[in-house]
Each structure stands twice: as structure tokens, then as C-alpha cells.
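K.L.:
Below, each chain spelled out in residue letters.
2 protein chains.
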Amino acid sequence: MIRKIKKEIRILGFDDAAFELDVKADMRNKKLSRMSMKNRRAKDKPKVPVIGVIYRGGNFLDGALRTDITVDGLDSTEQLIKLINGTRHKRQLRVIMLDGITVGGFNIIDIQKLNEKTGIPVIVYNRKMPDLERVRKALKNFKDYKKRWVLIERAGDLKEFKLKRGKKTYSVYYQSVGLSDKETEEIIKLSSTHGQIPEPLRIAHIIATAVVKGESAGRA
Amino acid sequence: MIRKIKKEIRILGFDDAAFELDVKADMRNKKLSRMSMKNRRAKDKPKVPVIGVIYRGGNFLDGALRTDITVDGLDSTEQLIKLINGTRHKRQLRVIMLDGITVGGFNIIDIQKLNEKTGIPVIVYNRKMPDLERVRKALKNFKDYKKRWVLIERAGDLKEFKLKRGKKTYSVYYQSVGLSDKETEEIIKLSSTHGQIPEPLRIAHIIATAVVKGESAGRA
Numbered sequence: 001m002i003r004k005i006k007k008e009i010r011i012l013g014f015d016d017a018a019f020e021l022d023v024k025a026d027m028r029n030k031k032l033s034r035m036s037m038k039n040r041r042a043k044d045k046p047k048v049p050v051i052g053v054i055y056r057g058g059n060f061l062d063g064a065l066r067t068d069i070t071v072d073g074l075d076s077t078e079q080l081i082k083l084i085n086g087t088r089h090k091r092q093l094r095v096i097m098l099d100g101i102t103v104g105g106f107n108i109i110d111i112q113k114l115n116e117k118t119g120i121p122v123i124v125y126n127r128k129m130p131d132l133e134r135v136r137k138a139l140k141n142f143k144d145y146k147k148r149w150v151l152i153e154r155a156g157d158l159k160e161f162k163l164k165r166g167k168k169t170y171s172v173y174y175q176s177v178g179l180s181d182k183e184t185e186e187i188i189k190l191s192s193t194h195g196q197i198p199e200p201l202r203i204a205h206i207i208a209t210a211v212v213k214g215e216s217a218g219r220a
Numbered sequence: 001m002i003r004k005i006k007k008e009i010r011i012l013g014f015d016d017a018a019f020e021l022d023v024k025a026d027m028r029n030k031k032l033s034r035m036s037m038k039n040r041r042a043k044d045k046p047k048v049p050v051i052g053v054i055y056r057g058g059n060f061l062d063g064a065l066r067t068d069i070t071v072d073g074l075d076s077t078e079q080l081i082k083l084i085n086g087t088r089h090k091r092q093l094r095v096i097m098l099d100g101i102t103v104g105g106f107n108i109i110d111i112q113k114l115n116e117k118t119g120i121p122v123i124v125y126n127r128k129m130p131d132l133e134r135v136r137k138a139l140k141n142f143k144d145y146k147k148r149w150v151l152i153e154r155a156g157d158l159k160e161f162k163l164k165r166g167k168k169t170y171s172v173y174y175q176s177v178g179l180s181d182k183e184t185e186e187i188i189k190l191s192s193t194h195g196q197i198p199e200p201l202r203i204a205h206i207i208a209t210a211v212v213k214g215e216s217a218g219r220a
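Respectively, the protein sequence lines represent chains L and U.
Read in order, the letters of the first sequence are residues 1 to 220 in the numbering used here.
Read in order, the letters of the second sequence are residues 1 to 220 in the numbering used here.
These are calculated hints, taken from the structure and not from any lab test.
Some clues are possibly wrong.
The list treats identical chains as one, so a pair stands whether inside a single copy or across any two.
Derived DSSO-like pairs: lysine-lysine, alpha-carbon spacing no greater than 30 Å straight-line [to be verified]:
# : residue 1 : residue 2
1 : Lys-147   : Lys-47
2 : Lys-45    : Lys-213
3 : Lys-47    : Lys-213
4 : Lys-137   : Lys-213
5 : Lys-213   : Lys-117
6 : Lys-168   : Lys-113
7 : Lys-4     : Lys-137
Small disclaimer: the values here were computed from a predicted structure and weren't measured.
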């Protein structure tokens, strides 16, 4: 599909809090918390907020959304679909943007389904090439390993985009559904107004962190 | 004190969620909820989040903060002081901005004390001239009416500022501590990049509403 990308395109960017990244980085802690969770019922499992921010291009914040998802659960796709289909902003939204395909630890988002059930294209942005071998190893700790791995495969191949900002060039990586590579790259470029991270994702991350920790940790 | 206001001045703007405004508008509901609260202990009183956003001028969001305060309590001043003095952003902060002097219903902020204990100037922005007679009547429902009214008087006189945005001119109202009127007006002007509401306050409001309600309600 070839479309002209408007500068003021409405982008809904989602992210969760920073501590999830620390958790992902520390698989040993992850294992411990998972073990302790075995004795709990599903409804007692910890939840974390996911924040969505609606941007016009990379400059103007139009609105914000919030939902809660289960740490290491598999409810993120369903929760995001419900949130998006329920918002009064929906008619304006042209693209959903995610910072990687996991939130709340290993709660993997089914980006094909997210696109199908909302009718909105999806871009998954990655600041670095994800270490899929490491993710696979971590996922093997889950009983439903296969189900989760399928979601990662369904997200499709990661593509590299050389994002130029002033004198610098950053290699960023993406997947997308419902958009051509050219469209995806244009949207990443026009929304990355302050560095290499698209503004909707940068702000969603700052807010999610403040909501959880009381203060945003930044991301240098 | 005469200072040159930098375009990139770091402003910390605070606001709470939209429903508080509805609550204020409906004094009858307010009385009901207050009566039902009499039977509860102080620690059971409902809390609401207050969100602070740190802006460089009116264009770049640097960070966010969150604290919780008691609905109709008197803990907002103390909670804001603790939050501001504890943040790693403090060194950069040049001004605190508030959207009116109440949060969480009638939790009134002592702006003199906020300035004194943080060492940072305070601007109170009002999009409309507050109806002080109405506020006074509402406050009479509180046992500690006098204590609350003193805080309102301590905030000082409201001054009008004719804010020009494109072809439009808006009358907005402010109080300030630690800044001259000229400085205050310059800061309101440079931070109101998208209309008549300073960007830090507009964003703090959107975020606080999303955190509480799941979706921001906007503010036309």
C-alpha cells in the first residue's frame, strides 16, 4: 500500500517502565520471581502499567492511555486491543508503535492480531538488534514456551534502518504490519524529533516509569 | 530579582486528573463524599496521583514525577516538597508551575512554603479568574476552614496577563513567588507553545487523567 505520510500523522506509542528492562537483563532474578509465582493464583500475579501516548507526528502530545498487564503473562495483546478499540481517539490513529514486542517482562504482543483486531498498522521499533538466542533461552523457563516463541516468529524479520539525525547515523531495527518498509521508515524518521527514539515511545517510557517508580529514570 | 529567562528553562509543572474539576463543580457530591469519609480513619482516605512533568521551555519533555496525595487532605505541600527535593532533576529546575493552588479536591498548596523549602520560584497559573467567593463557601464545610483559607490568602493577589497566541489574546491569571511579574509572564508565554495552557501543565493533566481513568479527557 502506498500512502503519503502526513507530518501530523497520529501515532499511538506504547511502553512500560524501565525496571522491566533491568529485570530482563537479569535472568537469575527473573527465575526466582517466576518460581515464587507458581504458588500464586493467576489473579494474584503482579500487574504493571503500560502507557500509550498519542502524538501528532513527533511534536504534539494529544492524549494518553493506560492499561495494566500481567508480569510474564500473555494478556498484553488482548489488553491493548481493548484499550485501542475503546478510545475516543481511535478514528484519528494511523499507526501503533511498540518498543520491542514484549511488555511486563515476557508478556509478548501478537502484532499480527493487534493489527487485525484494531485495523491499525503496527510498527515495532528496536533501538538495538534484539538477541533472539538469549530471548529463546529465557523463554524456555516457561511451560508454554512454544506458544510464546510462535508469537516472536509471527512478528516477522527484523529490518535495519539507518536513521540520520544531524551529523549522526543510528542503526535501528524494526518490524511492521500493514505498512511498506518505506512507509515504516518515514514514520520512524518523522517521529524521532529528539534523537534516535521516536518521541511517542520516549515519552511513554518516561511516563510509565514515573507512574511505577515516582520518577522517570531517563534513557541515555 | 532580574534575570534573563532562557528559552530552555527547566519548568516542573504539576497537575492532577480531570475528575477533580468535576468534583469541585459539584459541591453536593462533594459534601456526600465528605460525610461518608468521616467514618473512615485518616489512612483510609482516598488518594489521587499528582503528576509532575519537567519541560525544557515549552518543547522538550525531560522527565516525569509522581506522588500521591489525600483527597481533601492537607498533605500536598509536604508531598510536593519531598518529591522535588528528592529528584535527581532538582539541580536543573528553575521554576515550579501549578494549575491553581488546589489538587485532589481541596488539598491546598502553600506556595510560600513550597518556594521556601525547595528554593525554587513558584508560578500558579489560572486559565480563568477563580471564583474565590465560591471557594470560600465550599471551604466552610471543613472543620479546619480557617487554616485552609489562610493558605489561599497566603498565595497572594491574582494578576491578569494578556497572553497573545497568533491572532488570539487570552486573559490568564497568575500568582508567583520568587519571580517578578515580568519574569512570570515571560515564562508563561514561552512555555505556552500550543495554545493558552503552558505545555508542562497541559501534559501533566493529560498524564494524570490517563493514570486515573485509563484515558485522558482532553481539555478544549
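K.L.:
Checked against the structure, which of the hints given earlier come out wrong?
P.N.:
Numbers 6 and 7, in rising order.
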